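Chains B, C and D: place on chain A using the hints.
Top to bottom, those sequences are chains A, B, C and D. Using my numbering, the first residue of the first sequence is number 2, and each one after it goes up by one. Using my numbering, the first residue of the second sequence is number 2, and each one after it goes up by one. Using my numbering, the first residue of the third sequence is number 2, and each one after it goes up by one. Using my numbering, the first residue of the fourth sequence is number 2, and each one after it goes up by one.
Honestly, the hints are just simulated from the structure, not real lab data. All values reported here derive from a predicted model rather than from experimental measurement. Be aware that one or more of the hints could be misleading.
[As the list claims (entries may be wrong)] Cross-link-like lysine-lysine pairs, in silico, DSSO-like; alpha carbons within 27 angstroms at most:
| id | chain 1 | residue 1 | chain 2 | residue 2 |
| --- | --- | --- | --- | --- |
| 1 | A | LYS52 | B | LYS52 |
| 2 | B | LYS3 | B | LYS181 |
| 3 | A | LYS181 | A | LYS3 |
| 4 | C | LYS52 | D | LYS52 |
[What the hints assert, rightly or not] Below, a sample of chain A positions facing chain B; criterion: calculated Cβ distance under 7 angstroms:
| id | residue |
| --- | --- |
| 5 | ALA48 |
| 6 | ASP61 |
| 7 | GLY75 |
| 8 | LEU98 |
[Said to hold, decoys possible] Stretch by stretch, here's where chain D covers chain C in the computed footprint (C-beta under 8 angstroms, at least three residues):
| id | stretch |
| --- | --- |
| 9 | 45-53 |
| 10 | 63-77 |
All residues carry an ideal CB built from backbone N, CA and C; glycine is no exception.
There are 4 protein chains.
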Amino acid sequence: MKTNLTVLYFSGTGHTAKMAEAVHRGAAAVQDVAAALIGLRNEDIVAGRWKNDETLARLDASDAVIFGTPTYMGGPASQFKAFADATSERWFQRAWLNKLAAGFTVSGGPSGDKFNTLVYLFTFAMQHGMVWVGLGETPFNDQGINRLGAYGGAMGQALMEPPEEAPNAADKLTGEMLGKRVAEVAVRWRRGA
Amino acid sequence: MKTNLTVLYFSGTGHTAKMAEAVHRGAAAVQDVAAALIGLRNEDIVAGRWKNDETLARLDASDAVIFGTPTYMGGPASQFKAFADATSERWFQRAWLNKLAAGFTVSGGPSGDKFNTLVYLFTFAMQHGMVWVGLGETPFNDQGINRLGAYGGAMGQALMEPPEEAPNAADKLTGEMLGKRVAEVAVRWRRGA
Amino acid sequence: MKTNLTVLYFSGTGHTAKMAEAVHRGAAAVQDVAAALIGLRNEDIVAGRWKNDETLARLDASDAVIFGTPTYMGGPASQFKAFADATSERWFQRAWLNKLAAGFTVSGGPSGDKFNTLVYLFTFAMQHGMVWVGLGETPFNDQGINRLGAYGGAMGQALMEPPEEAPNAADKLTGEMLGKRVAEVAVRWRRGA
Amino acid sequence: MKTNLTVLYFSGTGHTAKMAEAVHRGAAAVQDVAAALIGLRNEDIVAGRWKNDETLARLDASDAVIFGTPTYMGGPASQFKAFADATSERWFQRAWLNKLAAGFTVSGGPSGDKFNTLVYLFTFAMQHGMVWVGLGETPFNDQGINRLGAYGGAMGQALMEPPEEAPNAADKLTGEMLGKRVAEVAVRWRRGA
Chain A
2 MKTNLTVLYF SGTGHTAKMA EAVHRGAAAV QDVAAALIGL RNEDIVAGRW
52 KNDETLARLD ASDAVIFGTP TYMGGPASQF KAFADATSER WFQRAWLNKL
102 AAGFTVSGGP SGDKFNTLVY LFTFAMQHGM VWVGLGETPF NDQGINRLGA
152 YGGAMGQALM EPPEEAPNAA DKLTGEMLGK RVAEVAVRWR RGA
Chain B
2 MKTNLTVLYF SGTGHTAKMA EAVHRGAAAV QDVAAALIGL RNEDIVAGRW
52 KNDETLARLD ASDAVIFGTP TYMGGPASQF KAFADATSER WFQRAWLNKL
102 AAGFTVSGGP SGDKFNTLVY LFTFAMQHGM VWVGLGETPF NDQGINRLGA
152 YGGAMGQALM EPPEEAPNAA DKLTGEMLGK RVAEVAVRWR RGA
Chain C
2 MKTNLTVLYF SGTGHTAKMA EAVHRGAAAV QDVAAALIGL RNEDIVAGRW
52 KNDETLARLD ASDAVIFGTP TYMGGPASQF KAFADATSER WFQRAWLNKL
102 AAGFTVSGGP SGDKFNTLVY LFTFAMQHGM VWVGLGETPF NDQGINRLGA
152 YGGAMGQALM EPPEEAPNAA DKLTGEMLGK RVAEVAVRWR RGA
Chain D
2 MKTNLTVLYF SGTGHTAKMA EAVHRGAAAV QDVAAALIGL RNEDIVAGRW
52 KNDETLARLD ASDAVIFGTP TYMGGPASQF KAFADATSER WFQRAWLNKL
102 AAGFTVSGGP SGDKFNTLVY LFTFAMQHGM VWVGLGETPF NDQGINRLGA
152 YGGAMGQALM EPPEEAPNAA DKLTGEMLGK RVAEVAVRWR RGA
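One chain only, chain A, in its complex shape (with noise of 0.2 angstroms):
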């Protein structure tokens, strides 16, 4: 049987969208393993709650999630919160203790904030009794990976470009690495079960 990972994201301007990709085409290429690829839409937050009953079940069934949102004013888009703030039933159950989490966030600046936003992934990963997967890389490669120096998760960078040129090459391929790292960790936390 395979070990089912989802990488769920909001991405407002096609930018995460563009990371969210590169991240599902990493785990993806990891043997044994089920990738999906579920992005959060703004119509489903009605007065202010997040309602998708069918993305809820889709992670409750899934042994990791790498999640990814924009950097916007120093966190996490607020329709990412949203979905964040409409688990709490799932919390409440303990409904995803000891699935893997791992996350990703885009921004203009080098920094930007970007951090901060890691740690609400991390914070809210914590909540919910998840194990969390970082990085794992350092920007010692000729490559451009993790060119940010980042560790808690990927950063992008993108500002106001299109979404074909930013997050660019070396970003996109961070976070492949993310994808590729959190499906062998799950592929391996799977079998030890």
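Same frame as chain A, but now just chains B, C and D:
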């Protein structure tokens, strides 16, 4: 001319509203201060985006803003974040540069990841170039002021109790002290201009 | 072959040592786990730099490390940080990649900025490419487990009381649960390799 | 009477010292400001504890303090932390209440977990009841000011280059702007007292 201070909060269950009233009470009691209390509304969030020009204009006219939100799933409520994300135009214009900022939050546990929400509010204020005023109190007093041991802002505790009972009197007094302190700092800050 | 787990801590006043013993007790009780308890010593810090090759070698040989430190002035004790800074060679060699990590901290207030120390321990572990295991408990139980409401790790409270009295029984039980959980995760993680 | 501002920093390799000089230069150029530059020394740390009464007295006499430290292993250098821990008596006396505070940090990566160090400096200042002044700059300028995208304070980047080359001119200009801003805020803050 009076110093303008606004307490801007979201409350989902009424607990943070009680804390906000306490903060407002503390600020309003300071001489030469005009203090407003504004609650964010779910209905101002349409398809994930918050919009209320009147509220933004009120903040534009404020010398100091005290932000308040529950801590949901380890961070600010998505409804508060929707407001924060909607201030990006003000950010670009540097419209709130050198205003004073402060914050408070409410959640069920004594720690309860509330620190993370205060760091978010700080990070948000820093993006705007605001100057941050913390609580400035220690827990060493007989009235329960700052009983939870918070420094970056005020913390209140409330779980399932009715809002009339929680946050308790000590937490509300802590909120009052925050309001008082920010108002006094704002008067001094305005006088020095 | 047994799974090796080390509880590595600094204690200035004896309170964090009591918490560390509890964490160690919880880990040592798990089948197939060999748990060690190592306290950092002031005398290993000379002119601001920590050095103890034996301790580093013990960590090299561990499958999981649980880090503990008091929260002093809003962050980890400088003595713990001196140890952390001295691991930069291990960081460069990626020597601790894929080891498990977890953390606990003790300070006087219920919140007391302890969250910030746990985020530091997480950030440190992420730099090393370790996989982070949180507390995984809610406060909803009759024994006081996680009474302070922490998720990223375990929190204990102690001010001026003798170490025999604080952290209290509930906090120490919380520490035991952290030790138990990390040990169980480590056994599974090793089995999957 | 002049407004007293102190730049208090630790530098292990000389890079943070260069940044500190830039911050000091920016502050010293502001009218009516007397700016001091103090580096923390390894030899003041004996058996893990920092002690230098003269430095503490200089901070007691300052209206504003700008703290600087490298980011080592995801947080402030242990030597800086040793200083911070040694201020607990000042904390107890509330000796630094209402002084202004700000911060800067240097590390190898563009992000490089520097955000976490700024949050630590903020948390430390909040424990003391200080008022926090951020950088207040955006990256939208031709001179490279705030090229890394930091808001809570100033960030500089330096890896293995000689301190004469890194942090680069843009980062040092960013440091100057921080010094200038904090000094101007301090003059206004003092005038309003």
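Here is what the structure says about each hint:
1. Proposed proximity of LYS52(A) and LYS52(B) is supported: the alpha carbons are some 21 angstroms apart, at most 27 angstroms.
2. Simply put, LYS3(B) and LYS181(B) have alpha-carbon atoms about 15 angstroms apart, close enough for the 27 angstroms limit, and the pair holds.
3. The hinted pair formed by LYS181(A) and LYS3(A) meets the criterion: a straight-line CA distance of about 15 angstroms does not exceed 27 angstroms.
4. Among the hinted pairs, LYS52(C) with LYS52(D) is consistent with the structure: their alpha-carbon atoms are about 21 angstroms apart, no more than 27 angstroms.
5. A least Cβ separation of about 4 angstroms between ALA48(A) and chain B falls short of the 7 angstroms threshold, and the interface hint therefore holds.
6. For ASP61(A), the suggested interface contact is broken, since its CB lies about 17 angstroms from the closest CB of chain B, more than 7 angstroms.
7. The closest approach between the C-beta of GLY75(A) and any C-beta of chain B is roughly 4 angstroms, which is under the 7 angstroms cut-off, so the hint is satisfied.
8. Hint status for LEU98(A) relative to chain B: violated, with the closest Cβ pair at about 15 angstroms, above 7 angstroms.
9. Counting residues of the stretch 45-53 of chain C whose beta carbon lies closer than 8 angstroms to any beta carbon of chain D gives 5, which meets the minimum of three for the stated coverage.
10. A stretch counts as covered by a chain when three or more of its residues have a beta carbon under 8 angstroms from one of that chain; for the stretch 63-77 of chain C and chain D the count is 5, and the coverage holds.
Comparing the model with each numbered hint stated earlier shows that hints 6, 8 do not hold.
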